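In the order they appear, the protein sequences are chains L and R.
Going by my numbering, the first sequence opens with residue 21, and the numbers climb by one from there.
Going by my numbering, the second sequence opens with residue 22, and the numbers climb by one from there.
The hints are simulated quantities; they were obtained by calculation from the structure and are not laboratory data.
Predicted model only: the values in this text are computed from it and were never measured.
Heads up, the beta-carbon is just placed ideally off N, CA and C, and yes, glycines get one too.
Treat the hints with care, as some may be off.
What the hints assert, rightly or not - With a straight-line cut-off of 25 Å between C-alpha atoms, the simulated DMTMM-like cross-links for lysine to aspartate or glutamate are:
| hint | chain 1 | residue 1 | chain 2 | residue 2 |
| --- | --- | --- | --- | --- |
| 1 | R | K112 | L | D89 |
| 2 | R | K95 | R | E129 |
| 3 | R | K95 | L | E310 |
| 4 | L | K303 | R | E84 |
| 5 | L | K38 | R | D203 |
| 6 | R | K112 | L | E310 |
| 7 | L | K240 | R | E84 |
| 8 | R | K98 | L | E163 |
| 9 | L | K303 | R | E96 |
| 10 | R | K112 | L | D124 |
| 11 | L | K193 | R | E113 |
| 12 | L | K303 | R | D91 |
| 13 | R | K122 | L | E183 |
| 14 | L | K240 | R | D204 |
| 15 | R | K112 | L | E163 |
| 16 | L | K38 | R | D204 |
| 17 | R | K95 | L | E306 |
| 18 | R | K164 | L | E188 |
| 19 | L | K264 | R | E84 |
| 20 | L | K41 | R | D204 |
| 21 | L | K67 | L | D124 |
| 22 | L | K41 | R | E84 |
| 23 | R | K41 | L | E77 |
| 24 | L | K100 | L | E44 |
| 25 | L | K156 | R | D140 |
| 26 | L | K152 | R | D140 |
| 27 | L | K152 | L | E176 |
| 28 | R | K41 | L | D85 |
| 29 | R | K41 | L | E58 |
| 30 | R | K41 | L | D89 |
Stated by the list, open to error - Under 7 Å between C-beta atoms, here's a sample of chain L residues computed to sit facing chain R:
| hint | residue |
| --- | --- |
| 31 | L91 |
| 32 | G155 |
| 33 | H189 |
| 34 | A192 |
| 35 | Y220 |
| 36 | T221 |
| 37 | M246 |
| 38 | F250 |
One letter stands for each residue in the lines below.
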Amino acid sequence: MASVSDMYDVTWEEMRDKLRKWREENYRNSEQIVEVGEELIQEHASKLGDDIWIIYEQVMIAALDCSRDDLATTCLHELKKQFQGSHRVKRLAGMRLEALERYDEAFKMYNDILQDDSTNTAARKRKIAILKAQGKSTEAIRELNEYLEQFVGDQEAWHELAELYINEHDYAKAAFSLEELMMTNPHNHLYCEQYAEVKYTQGGIENLELSRKYFAQALKLNNRNMRALFGLYMSASHIGASPKASAKVKKDNVKYAAWAASQINRAYQLAGHGTKETKCSLKAVEEMLESMQIMPS
Amino acid sequence: MTVIKLTTQAYCKMLLHAAKYPHCAVNGLLVAENQKRKDGQPVLCVDCVPLFHGTLALAPMMEIALTLIDTWCKENKYVIAGYYQANERIKETRPNQFAEKVAARIAENFSEAALIMVDNSNISMGCYDPAISVFEHHDNKWKCRDASIDCCEDWSEAQKIMSALLEDRSYDSLIDFDNHLDDLRNDWTNPEINKSILYLC
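Let the hints inform the model, and build the full structure from the sequences given.
Okay, structure coming up:
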């Protein structure tokens, strides 16, 4: 079995740096992390210095994702030896139990941490994750709401809540959670865009108008966000065709939709570079936009 | 009741999509050739277009995808014949409200549309059993079809090729509509994977 360093012609420093990038940007490419991380640990542990502990943690979680209990146990063992009695390591032990579907034992482990330290957010979030894994969405949502009452600034938690609500088709509450995120992160185009999608899904002319505004806002924040561009096109088209809209609103929206359509076409042309496959895509997009052309009444 | 069958290409791409994002829910469309069928002839889904991964239950991108793929279908004499979904949780194999809505929308255009749920627990390297459940529309409800009816045109071929694709980690290069929206150059028709499947046949 060829080693990663042989196959991709990389040095151990590059492997370590890649792991750091994946860690900092929160990637969940677990198979790759296991491949690179396992080799780094086995062949180059002595060169890593203090980095090795955070790498053990990262590789352990990725190993759980890939059902590599052998590797996870090895990493956990090294961390337990080095950081005896640590809550952070105990949480990892709990995650391993979760991966083995031994939820009751994991639950108990997290409760032990919380008894020692009632402000330990990691343990509380793992308990909510267990509820989610068991399909107990209503309880997970309830616990997450309680958690957020105490830890109002936890972005990750607000986003998780929004997604739980979307999965339960409770779009109004999802919108509320995303509003919290947008308030604290006004420059994040992804939150804007997802909020617009939720509003669109809720439906009705007012929500469509809001959705169009937020798609436009997302586009302003990042003019390469294709979802925002498509969303702007769709919402403006629907409003332009809606019997409930006034003549002026309809006229304005038909203009917005036409602008969005031209931008979409332009984006596809830029991406095209004349390959046969993307030519098909471009043609399909052109035809789709033509067929959806809303004529002003 | 018309029976739905999948070609190897449709089945494999669908499962590759699920394999690429094991921690997410995924969904997509199935397309069939648009032709008159004789009575009793099964609907053959010849290809699959993977759509999204992660948060599925939002309308706008789904509408775009349906419209765009419908246009593409017309150019290629296909018709959208089904919708598949793999839920986030391994043990959750029933369709949710969103899945039923999308499938119902497809059925408006193609009365024998199928709703296919991927059975996550049956996905394995060896591919011993077909990892899907087919739901058909009866009396306004989606009912699960008898599992003993063969869902693939040629199960042993599909099984062999699926296993080879998983070993090769072909799912790493599978493109879904989400990937396309991230970068328009990504081709959701997956011509390279189609070639690999043809080559393995």
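Of the numbered hints stated previously, which ones are contradicted by the structure, given in increasing order?
Of the numbered hints given earlier, those the structure breaks are 6, 8, 21, 22, 31 and 34, listed in rising order.
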